[in-house]
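Residue numbers (full-length UniProt numbering), protein chains in the order written: chain A, 1 to 133; chain B, 1 to 751.
Please note that a few of the clues may not be correct.
No more than 25 Å apart at the CA atoms, straight line, and that leaves these computed lysine to aspartate or glutamate pairs for DMTMM-like [stated by the list, open to error]:
#: 1; chain 1: A; residue 1: Lys25; chain 2: B; residue 2: Glu362
#: 2; chain 1: A; residue 1: Lys76; chain 2: A; residue 2: Asp119
#: 3; chain 1: B; residue 1: Lys545; chain 2: B; residue 2: Glu434
#: 4; chain 1: B; residue 1: Lys170; chain 2: B; residue 2: Glu577
#: 5; chain 1: A; residue 1: Lys121; chain 2: B; residue 2: Glu326
#: 6; chain 1: B; residue 1: Lys413; chain 2: A; residue 2: Asp73
#: 7; chain 1: B; residue 1: Lys714; chain 2: B; residue 2: Glu326
#: 8; chain 1: A; residue 1: Lys64; chain 2: B; residue 2: Asp82
#: 9; chain 1: A; residue 1: Lys43; chain 2: B; residue 2: Asp456
#: 10; chain 1: A; residue 1: Lys30; chain 2: B; residue 2: Asp304
#: 11; chain 1: B; residue 1: Lys348; chain 2: B; residue 2: Asp334
#: 12; chain 1: B; residue 1: Lys170; chain 2: B; residue 2: Asp346
#: 13; chain 1: B; residue 1: Lys58; chain 2: A; residue 2: Asp96
#: 14; chain 1: B; residue 1: Lys71; chain 2: A; residue 2: Asp73
#: 15; chain 1: A; residue 1: Lys54; chain 2: B; residue 2: Asp334
Since the hints were derived computationally from the structure, they do not count as laboratory data.
Take a look at the letters that make up each chain.
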Amino acid sequence: MKKIVFIFSLFLLGFSAQAQKEVKKKRNAKVTFKVDGICGMCKKRIETAALKTKGVKFAIWDVKSHQMNLIMDERKTDVTTVQKNIMAVGHDILLDNDKKLVAKDEAYNSVHPCCKYRDHKIVEDHNGELKKQ
Amino acid sequence: MKKHVFSSFLLLFPIVFFAQSNLKGRIMDKQNPEKELGISGATVNWLNTTIGAVTDDKGWFTIPYKPEYKKLVISYLGYKTDTITIRSLKTIRYFITPESELEEITIKSKRDAIQKSLFATANMFTVNNDELLKAACCNLAESFETNPSIDVSFSDALTGTRQIQMLGLKSPYLLITQENVPSVRGAAQAFGLTFTPGTWVESIQITKGAGSVVNGFESISGQINAELVKPFSDNKFFLNAYSSLNGRLELNTHFNEKISNKWQSGLYIHGNYRGEKFDNNNDNFLDAPLAKQINVMNRWQYTDAQNGWVSFINFRYLADEKQTGELNFNPETDRGTTNAWGSEIDTKRFETSAKLGYVFPELPFQSFGFQLAYSNHQQDSYFGLNMYDIQHESIYSNLLFNSIIGDTRNKFKTGISFTYDKYDELVEVGTFNENFKRKEQSFGAFFEYAFDNLDDFSFTAGLRVDSHNLLGNFITPRLHLRYVPWKNGVFRASAGRGKRSANIFAENQQFFASSRQINIDNVGGNIYGINPEIAWNYGISYMQKFKLFEKKGDLTFDFYRTDFSNQIVVDWENPQEISFYDLDGKSIANSFQVELYYQLSKGFNLRTAYKYFNVTTDYNSGNLQKPIQPKNRFFANLSYETIAKENGAQWKFDATFNRIGKQRLPNTSSNPSQYQLAAFSNPFQLLNSQVTRVFSNKFEVYLGAENLTNVQQKNPILASDNPFGVNFDTTIVYSPIFGRAFYAGLRFKIN
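In isolation and in its complexed conformation, chain A is listed as follows:
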């Protein structure tokens, strides 16, 4: 029995070692996640917060799809840090299955009144503006 356990744990060790090798930190990693927001002002705020994170080289956020595309140096930063910095300027991170990481209220309150993306009425106003165009 002991032998089996030993072999099994050896096997696991090898597996995890291999797994670690695969998580090589990339200099130019492409990262994608979703950030809530509604307008051009949000775009600027979100992208600036991401870019100001040391290690982030490139950040593009799309207003309509809420998609954030990043290129970053994984040796200098990680996704969590970038997401934290985005939340710090007041924007929620949208996860799959309608879950999200919520920015602190005081951060959310600091965004411009027209950027209050949690308010349905304001979101609708923006949609209305889109239609007008």
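Fit chain B to the known structure of chain A by using the hints.
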């Protein structure tokens, strides 16, 4: 009960049916043949929802559908994000387009024909195709007529060639590039702008003041870059025919053909012809030359978006013939005699260029580009008994690398360039009979750093070092700053140095059609015995965008000053001479412009500008205003278009008004009294107008009038009664020669 269950089931049925339905579709890229065009990993999302899907390795996706979902957002890194409207559950197929093209092409908007950006660091704006269609056609020189920043002047009484000016300085001080390759320069300086047909131009970028160091050291007052139509984006077939009552006929055809998934080819043919003789002012001289031009370009475009490669290869041939002079002049019998005065200008030009660009597919901010261009320009011409032949061979190459330092707030461009120019000129004017030959070659390296804090401040600082066999070793600094003090307002400032060798004959060809004697003040310089031109340009501008009564507008002020350290002074002040000499003293061009754009109502736009130029030079005879240069100009353009119907049908109306203030005329006081001119010309007004009827997206016709006010210079040719005498002069032209002229044309395109 059963009935109830049944009916509620029936009621629920459609909801359930829709709730469970899915939309299927495929996202593709035209340049991705490996997965049969499919793009894997692209995201599709219903607008303003978190419901999304990702495409599989062949580009297919399935996304839950509800009837309230109308708009589908498609995004993929490195590609443009698109929103498409979904009306039914039909399987969709959609092509996405790459975001980063190698050249810095400003993305066109249908809304404004002239775009002024709040974000560009330099004082640059883009004129797109819509604006170019406002004036009739025909070539690059004429396409600036509806634009207040560029002044179009009348260069001489013979060739009818228009010259352009910016900041009070004529085109040699402007760098004119075609897709960022310097094009209208050297031998092509006088007529080069008329060698690019208007229909070939996709958009024009105009930068006022010091340009970028990337394109060389020659630009002083600004840069004009023309982007030509591209085989991938141009119509499959395009036809434009134009005819004017002053006898000008033009025909343009474009053919674009897909060769393979990655290769596209375009063949563009332009021809123009003027065969009728006009002499409306009865001076026995043709008002406009007899002309023939054939101009053919073949472009090849290679795009491999997946691997990041883009390439263009161009071939172009031009043959241009002009004949002008006295009505009864016959070149076969009268050339080289004093039977009748006449002139022929015969130009042949061959050009080829290749561009190669690579965007690192994983790093959209990093790219390199390589340009190589060769041109051979040959002009054979005579003007009465004067002769002028020029041959100019030119090679231009530029290797450029773009990337970032740290992140995209800090960008840089760096590279090296090599240019070679070989000139061979033959000048025979009276007793002046010389053959000038010279070779210019330069090797340069440049670095340009751009900082943008993504908010209210950005700057671009560039430096280049060049080693030139005739101009020596020198550095060229250029700086642009932008600051946004408040919403929708932007301050810009620029400063920079430019240096160039003046092609005194090619740039001042109009004087050959006069009895002026040439006088070059040889100071032992490397180029015609004179020194290179060096100037500093400084400028500031302020733009405010605003909304007034729900309508948008913008107001721009700018002031620029060009200060010559050395200039080749072109001195016309003795009516029997033209003198070229190094500047001794000061030469300054001050330019002030205020421009207002306002949308009066939907489709109805006003653009108006006032311009003040003060251009003075220390001549041997004292400090004088530059001749034939109005100090005051007023410009207004009104355009109106009806709302386009679904098939594109609409009306477009356009009118451009110019008031040109008085101009100082070159001194003619030593002439016999009948050949003397006043010290100043009178101010005058010009009005051009055009009506376009668009029948559909395929077909439109236009009708227009130039010079509706019928302004004509009474006596454009001095001593036209004695063209071989000492007082003959066709150079003092300050207003139109041709009166009112009507034209009509059509455009037909197949996509």
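Evaluated hints:
no. : hint                  : result
1   : Lys25(A) - Glu362(B)  : 15 Å, holds
2   : Lys76(A) - Asp119(A)  : 35 Å, violated
3   : Lys545(B) - Glu434(B) : 56 Å, violated
4   : Lys170(B) - Glu577(B) : 21 Å, holds
5   : Lys121(A) - Glu326(B) : 77 Å, violated
6   : Lys413(B) - Asp73(A)  : 21 Å, holds
7   : Lys714(B) - Glu326(B) : 17 Å, holds
8   : Lys64(A) - Asp82(B)   : 9 Å, holds
9   : Lys43(A) - Asp456(B)  : 15 Å, holds
10  : Lys30(A) - Asp304(B)  : 21 Å, holds
11  : Lys348(B) - Asp334(B) : 23 Å, holds
12  : Lys170(B) - Asp346(B) : 23 Å, holds
13  : Lys58(B) - Asp96(A)   : 23 Å, holds
14  : Lys71(B) - Asp73(A)   : 35 Å, violated
15  : Lys54(A) - Asp334(B)  : 78 Å, violated
Checked against the numbered hints given earlier, this structure breaks hints 2, 3, 5, 14, 15; the rest are met.
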